[in-house]
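Two independent chains are provided; combine them into the complex using the hints.
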Amino acid sequence: MKLPPLSLYLRSRGLPGALAALFGTAAAAAWAAQWLVSLPDFDHTARLPVVLLGPLLAAGAIGTSLHTPSDELDRTAVRPWWPRRLTHLLAPTALAVALLALAVPGHSEAFGAPAAVRNTLGLVGMTAAAATLVGARLSWLPPTFYLGVVYLAAPSDAGGGAVWWGWATRPGPEGEAWTVAALCLAAGTALYAWRGARHVTGEA
Amino acid sequence: MNKPATVAVTGLTVRHRRTVALDALDLSLSRGVHGLLGPNGAGKTSLIRVLATVAAPASGRVELLGEDVASPRERTGIRRRLGYLPQEFGYYPAFTVREFVAYVAWLKEVPANRAPAAVERAVERVGLADRIDARMKTLSGGMVRRAGIAQAIVNEPELLLLDEPTAGLDPEQRVDFRALLRELGKEATVAVSTHLVEDVAAACTDVALIEAGRLAFRGTTAELAALGGESADPGDTTTNAIERGYTAALRAHRERSGSGAARAKEALR
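Here the protein sequences come in this chain order: U and Z. Numbering follows this note's numbering, in which position 68 of the first sequence is assigned residue number 68; successive positions increment by one, without gaps. Numbering follows this note's numbering, in which position 40 of the second sequence is assigned residue number 1040; successive positions increment by one, without gaps.
Rather than coming from a laboratory, the hints here were simulated on the basis of the structure. Treat the numbers as computed from the prediction; the structure is a model and nothing was measured. Here a beta-carbon is modelled for each residue, glycine too, at the ideal position from N, C-alpha and C. Do not rely on the hints blindly, as some may be mistaken.
Claimed, not checked - Not everything, but these chain U residues come out facing chain Z in the computed CB check (under 7 Å):
hint : residue
1    : S12
2    : V78
3    : A162
Unchecked claim - If you want a taste of the chain Z side facing chain U, the calculated C-beta under 10 Å gives, among others:
hint : residue
4    : V1054
5    : P1086
6    : Y1091
7    : F1100
8    : Q1151
9    : A1179
10   : R1182
11   : E1183
Only chain Z is shown next, with the shape it has when bound in the complex (with noise of 0.2 Å):
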């Protein structure tokens, strides 16, 4: 953990019209593969947007691989370094993955001479070189979310977002994914929102989990897993222990912060 880090965030606010979905959050990454993890409505994608410069907060300072997002000039500079896989993305129906790939290869300024050998690298790497020229509306659900990650990972990037990037993929192909994933977190600062605990376990190094729009726990992954307490089932998995971990994380900021709002949900249970 005393690499540099690659992401900063101090007293981070986001805020839609009147509900506050990050309060004051604080957190910092570095190279690596870091989980997001938290309930539904925690304010992970809206952290990730923040991250991905498409969205402003309302307040705090964030700082990207050493450059402030505030200053438009050097928000410019990040962009350029930046893959963000959105957790909903459009794309013009008619482009074949190649060409949608291309397309955003030109918005990242990706050199055009260097371009189409990038597309076809990124294409290569999320596994669907064979169907690189059919058009977008003929994929399944998994590969469209693969062209996606093909997209984010055009521009080989020091920051990758990932907002629920297994969503729709098959067992093998979140084999192959968290594969891909492990090798990315070896050159860049990778951040994967997810709700699969078997991701995080397979690829994620570190884990930050979000609830009410806070950070309630940020640690290793044997960490988390390690808050959980030993299981008096001897076939009890690593999966199963992040699990548990996990909830006793949630439970535990929820009784710190002791709001009434976190009290009731768990009354609800």
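Same shape as in the complex, but just chain U (with noise of 0.2 Å):
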């Protein structure tokens, strides 16, 4: 009889089929990217919803797996439980990244990889964030609410700050706008490291 504890963690927060989830969004932002660019009257500035799509579904694979199902005995853990959050956090992170940035090639200068990569970071800290406030299972709530919000307001110019607000609208080299995503990320990731997901009642 073998118990690895290890794959015991990972299975309680569903971790499985995160890595699953992650996997199948980026072979299918790859299929989209490179179907939109074949269009006829479009080019690679077409791929927009693709580096914004791609990234919000990867985040929300990650949130969710935040959730714990055992909140109160995982609260008697001997060890603290910060650097376990820190690395089921950044580790599928890192792999969404790499992921994504493989599925939008070329072009990096408009919706190519540095985009996807810059909205990967950014809605990954956004989703950690709304985990740790309002509970891992409705987490990817507020990064689609607020890319809903920017896709449909944010001007194809970077005028009037919206380099700064719609950070995910960007093309991908602007410094302001990845200011903005990292800036997302490290205070998501703190956030979460430090108090958790948030445990909400009647939640299984």
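So this is what it looks like as structure tokens:
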């Protein structure tokens, strides 16, 4: 009889499913990016939906895996949780970043790999913060709402501060957009590592 | 009662938002089985959660097994030697009983070479050996509770905290469980919060009665039974005597504390 305890941890958090979702998302993003570019009147700038939705789905898969079914018992753990939480958040994020960067090759100046990487990092941070504040099960909701708003509202030029608040819709290399994404990641990761996913009463 | 105290609580105050769950409580426990009795909302669960180190008190000093829970390093040492059955505990439904208990053994840092045997022993002690490879989601309520007791004793704790452990057990399982409690109480400090005075009569050496966040009575089970006075009914049992003692101790405490809220409660009866 073998019971590698780490595999128990991974299973209880649904991480095998989350990893499968990451691979599936990357494959779908790669296919969608290629298809959009191949359409007659479109070029590589048509990939904006891909660099928004791909990272959003990846962040959602990672965010929902932060849910723990045994919150009260987990609190009696001998070791502090923050190192395990950091690993749990950052290891799948690194994988998602790598996969999504590969999913949108070429034309890095407009909605290519840099935008995919930046959006994955920023949205994971937002999702981790949401898991801490509203619970892991619904952690995908705030970033989805945010993306919906900026997708509709952000202008295609960088005027009016849009490069800051609409960072996820920028084509790629702007430093301001990267700054906001990095801040989101740092704040969300720190908040999650410190507090853990919020326990919502009534959740199994 | 001259065994060294393994739990020493002084001036413990716990608040939930604006309500006071425990109000400057002093309590000390030593090896043996202790019953925590009290009406609903008296603060039993708040006390157990602080003793289990899952909730932090607003103020007061808590020393468990000779170490201070306020110090992170000492808390780590305490948690290794602590077992806790929450009133409501979540579990991953696809785990088998063996995996669920092994997961907690991992949290408690039971050494990996000893863990598989410790898991089997704990599950056997609660009488679930025949269901050890059944998934948690297929178990009945009483079996889930016994799996919960198994995870609490998997690290052979020196301090065992059980919040309503007999809820959902049938009479035969309760009898077995009380025997297990008495056995555990020989080596460890066991605190059991319960509503059932039969549990106290059968398994506990002494009782702490909590009412509205304060200690209303502290003494042996026999002393609590004696508080109820003699019954006119010759067919009276120990259980009835403890129930009368419980009621008498609560009334006496409410008169002593004399708070308006307590009187109002009494008047409603």
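Structure-based check of each hint:
A cut of 7 Å between beta carbons decides the hint on U:S12: the least distance to chain Z is about 4 Å, and the hint holds. Because the beta carbon of U:V78 sits about 5 Å from the nearest beta carbon in chain Z, less than 7 Å, this interface hint is met. Below 7 Å, beta-carbon pairs count as interface contacts, and U:A162 has none with chain Z, the closest being about 41 Å; its hint is therefore violated. For Z:V1054, the interface hint holds, since its Cβ comes within 10 Å of a Cβ in chain U; the closest pair sits about 4 Å apart.
For Z:P1086, the interface hint holds, since its Cβ comes within 10 Å of a Cβ in chain U; the closest pair sits about 4 Å apart. For Z:Y1091, the interface hint holds, the least distance from its beta-carbon to any beta-carbon of chain U being 5 Å, beneath 10 Å. A cut of 10 Å between beta carbons decides the hint on Z:F1100: the least distance to chain U is about 8 Å, and the hint holds. Annotation: interface hint on Z:Q1151 holds; nearest CB of chain U at approximately 7 Å, less than 10 Å.
Among the interface hints, the one on Z:A1179 is violated; its C-beta lies about 25 Å from the nearest C-beta in chain U, farther than the 10 Å criterion. Below 10 Å, beta-carbon pairs count as interface contacts, and Z:R1182 has none with chain U, the closest being about 24 Å; its hint is therefore violated. A least Cβ separation of about 23 Å between Z:E1183 and chain U goes past the 10 Å threshold, and the interface hint is therefore violated.
Violated hints for the displayed structure, listed by number in ascending order: 3, 9, 10 and 11.
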